[in-house]
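Below are the chains, spelled out letter by letter.
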Amino acid sequence: DTGVSQDPRHKITKRGQNVTFRCDPISEHNRLYWYRQTLGQGPEFLTYFQNEAQLEKSRLLSDRFSAERPKGSFSTLEIQRTEQGDSAMYLCASSYRQGDEKLFFGSGTQLSVL
Amino acid sequence: AQTVTQSQPEMSVQEAETVTLSCTYDTSENNYYLFWYKQPPSRQMILVIRQEAYKQQNATENRFSVNFQKAAKSFSLKISDSQLGDTAMYFCAFIKGTTGKLIFGQGTTLQVKP
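Residue numbers (our numbering), protein chains in the order written: chain A, 4 to 117; chain B, 3 to 116.
Some hints here could point you the wrong way.
Which residues of chain B face chain A? A few of them, derived with a C-beta cut under 10 Å, are [claimed, not checked]:
1) Pro11
2) Val15
3) Val21
4) Gln46
5) Tyr56
6) Lys57
7) Gln59
8) Glu63
9) Phe106
Dumping the calculated SDA-like pairs for lysine to any residue here, alpha-carbon to alpha-carbon at most 25 Å [as the list claims (entries may be wrong)]:
10) A:Lys60 - B:Tyr35
11) B:Lys115 - B:Tyr35
12) A:Lys60 - B:Ser30
13) A:Lys105 - B:Gln58
14) B:Lys57 - B:Gly99
15) B:Lys80 - A:Phe107
16) B:Lys103 - A:Gly19
17) A:Lys105 - B:Gly87
18) A:Lys105 - B:Arg52
19) B:Lys103 - B:Glu19
20) B:Lys103 - A:Ala70
21) B:Lys98 - B:Thr29
22) A:Lys60 - B:Gly87
23) A:Lys105 - B:Glu19
24) B:Lys115 - B:Ala74
In short, the hints are calculated from the structure, not lab data.
Even for Gly, the Cβ is constructed at its ideal location relative to N, Cα and C.
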């Protein structure tokens, strides 16, 4: 069990560029979550998957954001046409199954949009 | 809407002393889970303790314990024998049912002083 892995740890981009983040959950965890956290605030829910199915998306997830989890393993979060307001820490978490409500978090990807 | 409120933005405690962090929440649900997460300067979100709403007994994990008052919708965290490594931001969080979707409070920054 190597924990939840996120890549990259840091990303600096210019406004208008597209960025993609990757999350590898703990092996055998079938639920995967994305959260966004700005400095000094608690994380805010963005979306979650059960296996490969995306079950819920927050209203925070504008149509510039898309998340995928092909084959129910790793997940990617893409932000198109980045804006300065997208600057935040993007956290991924996974849990074993429905009913085991313990989420394990990765170290996050810190995005800075210049 | 479900909300989580942490009314203490910052707290400090001397090493080896005891400190209590407050949290209140608002929900009309009967089946839910409550959590305390710790986020040290590394920004890795670490699960500290979990409480199922249907259990009257307060959860305990080593030096960490909770005071769960369901009728008052209060969920405080007590840290005994505080250690320097406890310095971190602490988030209270709530999950409704089995969605796995965490709703976080604003956080309390705890500083343990030598």
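* Can you list which hints this structure breaks, lowest number first? -> Those not satisfied are hints 2, 3, 5, 6, 7, 8, 11, 16, 19, 22, 23 and 24.
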